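*Asks:* Residues per chain are reported as follows:
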Amino acid sequence: MRAIRFPSKTPQEAWKFTVLLRILELSHEALVMGVVTTKRDMYYRDPELFLKQAVVDRYVDDLAYTLGVERDALNVAAAKGLVAGSFTTKRKDSSVVDYCSEPQGILVPNAKEIQSIQLIDVNWVLVIEKEATFRTLASKQYWQTCFAGKGIIITAKGYPDIRTRQFLHLLSTSHPHIPIFCLVDFDPNGMGIMSTYKYGSMALSHQNQNLAVPSIRWLGIRGSDILQMKDCEVTGRLKLTDRDRRIATRMLDKEIFQDGAREEGWRRELQIMLMLNCKAEIQILSSRDDGLEGWLDEKLLEALNEGRQ
Amino acid sequence: MSKQYLTTHTIDDAHITDIFSLAVTPTQILSASGASSIKVHSTTSTDVPLAQTITGAHKLGCHHIVTSRNGRYAASAGFGGEVKIWSISESGEWFEEGKVVDGNNAGEIWAIALSEDGQYMASTTYDGRINVWDLVDGRKKIREFETKGSFGMCIDMSRDGRFTASGHENGGVYVFNNETGRMLYSLPGLVKPVRTVAFSPAGTRLAAAGDSRVIALYDVQHGEQVANLTGHSAWIFSVDWSDTGEYLLSGAFDGKVKVWSIDTRNCVATHSETDKTLWCVKWLPKTGRSEAFATAGANRSISFYREATGG
Numbered sequence: 001m002r003a004i005r006f007p008s009k010t011p012q013e014a015w016k017f018t019v020l021l022r023i024l025e026l027s028h029e030a031l032v033m034g035v036v037t038t039k040r041d042m043y044y045r046d047p048e049l050f051l052k053q054a055v056v057d058r059y060v061d062d063l064a065y066t067l068g069v070e071r072d073a074l075n076v077a078a079a080k081g082l083v084a085g086s087f088t089t090k091r092k093d094s095s096v097v098d099y100c101s102e103p104q105g106i107l108v109p110n111a112k113e114i115q116s117i118q119l120i121d122v123n124w125v126l127v128i129e130k131e132a133t134f135r136t137l138a139s140k141q142y143w144q145t146c147f148a149g150k151g152i153i154i155t156a157k158g159y160p161d162i163r164t165r166q167f168l169h170l171l172s173t174s175h176p177h178i179p180i181f182c183l184v185d186f187d188p189n190g191m192g193i194m195s196t197y198k199y200g201s202m203a204l205s206h207q208n209q210n211l212a213v214p215s216i217r218w219l220g221i222r223g224s225d226i227l228q229m230k231d232c233e234v235t236g237r238l239k240l241t242d243r244d245r246r247i248a249t250r251m252l253d254k255e256i257f258q259d260g261a262r263e264e265g266w267r268r269e270l271q272i273m274l275m276l277n278c279k280a281e282i283q284i285l286s287s288r289d290d291g292l293e294g295w296l297d298e299k300l301l302e303a304l305n306e307g308r309q
Numbered sequence: 001m002s003k004q005y006l007t008t009h010t011i012d013d014a015h016i017t018d019i020f021s022l023a024v025t026p027t028q029i030l031s032a033s034g035a036s037s038i039k040v041h042s043t044t045s046t047d048v049p050l051a052q053t054i055t056g057a058h059k060l061g062c063h064h065i066v067t068s069r070n071g072r073y074a075a076s077a078g079f080g081g082e083v084k085i086w087s088i089s090e091s092g093e094w095f096e097e098g099k100v101v102d103g104n105n106a107g108e109i110w111a112i113a114l115s116e117d118g119q120y121m122a123s124t125t126y127d128g129r130i131n132v133w134d135l136v137d138g139r140k141k142i143r144e145f146e147t148k149g150s151f152g153m154c155i156d157m158s159r160d161g162r163f164t165a166s167g168h169e170n171g172g173v174y175v176f177n178n179e180t181g182r183m184l185y186s187l188p189g190l191v192k193p194v195r196t197v198a199f200s201p202a203g204t205r206l207a208a209a210g211d212s213r214v215i216a217l218y219d220v221q222h223g224e225q226v227a228n229l230t231g232h233s234a235w236i237f238s239v240d241w242s243d244t245g246e247y248l249l250s251g252a253f254d255g256k257v258k259v260w261s262i263d264t265r266n267c268v269a270t271h272s273e274t275d276k277t278l279w280c281v282k283w284l285p286k287t288g289r290s291e292a293f294a295t296a297g298a299n300r301s302i303s304f305y306r307e308a309t310g311g
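Protein chains in written order, with full-length UniProt numbering: chain A, 1 to 309; chain B, 1 to 311.
Think of the hints as simulated: they come from the structure by calculation, not from any bench. Note that the coordinates shown come from a computational prediction; the quantities given were computed from them, not determined experimentally. Every residue, glycine too, gets a C-beta built ideally from N, C-alpha and C. Please note: incorrect hints may appear among the correct ones.
As the list claims (entries may be wrong) - Pairs of lysine-lysine residues, derived as DSSO-like cross-links and limited to a Cα-Cα distance of at most 27 Å, are as follows:
1) A:K157 with A:K299
2) A:K254 with B:K148
3) B:K148 with A:K239
4) B:K286 with A:K254
Unchecked claim - Simulated DEER-style distance windows between Cβ atoms:
5) B:K140 with A:D62: 43 to 51 Å
6) B:K140 with A:N210: 48 to 56 Å
7) A:G236 with B:V101: 49 to 57 Å
Claimed, not checked - Interface residues of chain A toward chain B, partial, derived using beta-carbon atoms under 7 Å:
8) L252
9) D259
10) R268
11) Q271
12) N277
Extracted from the complex, chain A is given alone in its bound form (with noise of 0.2 Å):
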């Protein structure tokens, strides 16, 4: 809890509050004008006054938590998201979009407007952490040429946003059969990104039950993948940093990865993270003779012969 007063005689209780009015002015000119508008650009609209993206941020959730709505019906979305892949998506004003005629994938769509999504032949959904990696496989058209099937790929550029989760949550419910398969680093921060999928984040925990995915499962990469490769000599296999096993020893602490807790898979893999004292980038799946690619087809492959057993 916050209180932030006027008038006030502190200079800072007075920024403060400027801050807050002028967040809310520019979430009420999105609303009155009908556009969405992003936390980034909040910010660009007056950095010297907001000093910092983390203040937009944090006064923005603070605002929806304060009003007892979501931050989209402020109209502020983070439209980080990327998608591509089998579908369409029918709209709630009877508008169709084809993904597939966007193969290098499009920014995620606001899963309020939706009214329905489509799969064309889709087998799998495939979450990535990096947009590089995205990149690379939309120029390839990953998502149709996999050699498990038709898929969709999406990437929220790191640790994922509103938007983004909203609409995975939405396919995952919508179409619960699909699997949904998550690609990350082998380091700390790739296992918070997927526990932030599955699970939500800690910081807004009020919102989490529309837009957890607990049924995500995790395709890669695992402490197994990166010793497993030909030669230990691999480029890409990184050593922890001090930041790394402090983030990897609190999320030890964490009640999902107790003894006998649900995520009982992913401790390991941090402890082992911790024992071996390295991390690899997806990246390092690329210097694999199949490459990226030929990695994905046999792991897919093997999620999904796993699943219809």
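Assemble chain B onto chain A, guided by the hints.
*Replies:* Same frame as chain A, but now just chain B:
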């Protein structure tokens, strides 16, 4: 000349997850894993029955467990950065005697080693410091050695307590004189992460190994490398000297365990019960004529081997 070892017993699923570390006393084997409890099995009978489960020992899991040579003390290091000191009662039950906490910094202590009598503990830190603690006198830090700042992945103390050796991620191997508080040697030879170091029983040799897949043997008196034992084709996670100092045991990422003759510098036996990582290999204190050892790792089991004495 090769030697033959037979599997005498395997404790299947001794833990619910990877076993990261083993420690032995004259009558027991202690094991630590990614789960929160420490298990104690009795090695006095061939079926190695469970003697004690210390539940909730390390909430986040335990990566190192060591015992004092006299079998009276144990120390265990958890992923949360805490170290617990254990002591054995008259009736043979382990109980927690206390904790060692380095300042307020979680994760400061990684690898640990105990002196023969259990009075001293040596430990490494993420940033390459080596600390020695007096466990009798208030569990205080009595020595602090600095190295080049690379992660201290492993540590050992000579049986007479005079020397501490550490192995580091940058390939560094250091020997410290605990009496003078000085670094004795910085040993060259390995350039990749060193994941295990061990003093020979007499304290005259030091073995070090890791990602370079060779075991380097050093002369502790003169600080020189005297041999390279080659043969492993995967990262080596653990080495241990037999009681007499004649043989060295090593375990690797690919599940292979090897026995090396120090005399001839040859590998005299290779076993692979599993293709999963062996995190730890350990000789059991010698009873009778033949020598025995135990291995544990990612397959969650503890396997026991004994030398075949057919001839």
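*Asks:* Decide, hint by hint, whether the structure agrees.
*Replies:* Each hint tested on the structure:
no., hint, verdict
1, A:K157 with A:K299, "22 Å, holds"
2, A:K254 with B:K148, "33 Å, violated"
3, B:K148 with A:K239, "16 Å, holds"
4, B:K286 with A:K254, "43 Å, violated"
5, B:K140 with A:D62: 43 to 51 Å, "47 Å, holds"
6, B:K140 with A:N210: 48 to 56 Å, "54 Å, holds"
7, A:G236 with B:V101: 49 to 57 Å, "36 Å, violated"
8, L252, "4 Å, holds"
9, D259, "5 Å, holds"
10, R268, "5 Å, holds"
11, Q271, "5 Å, holds"
12, N277, "6 Å, holds"
The structure fails to meet hints 2, 4, 7 from the earlier list, while all remaining hints are met.
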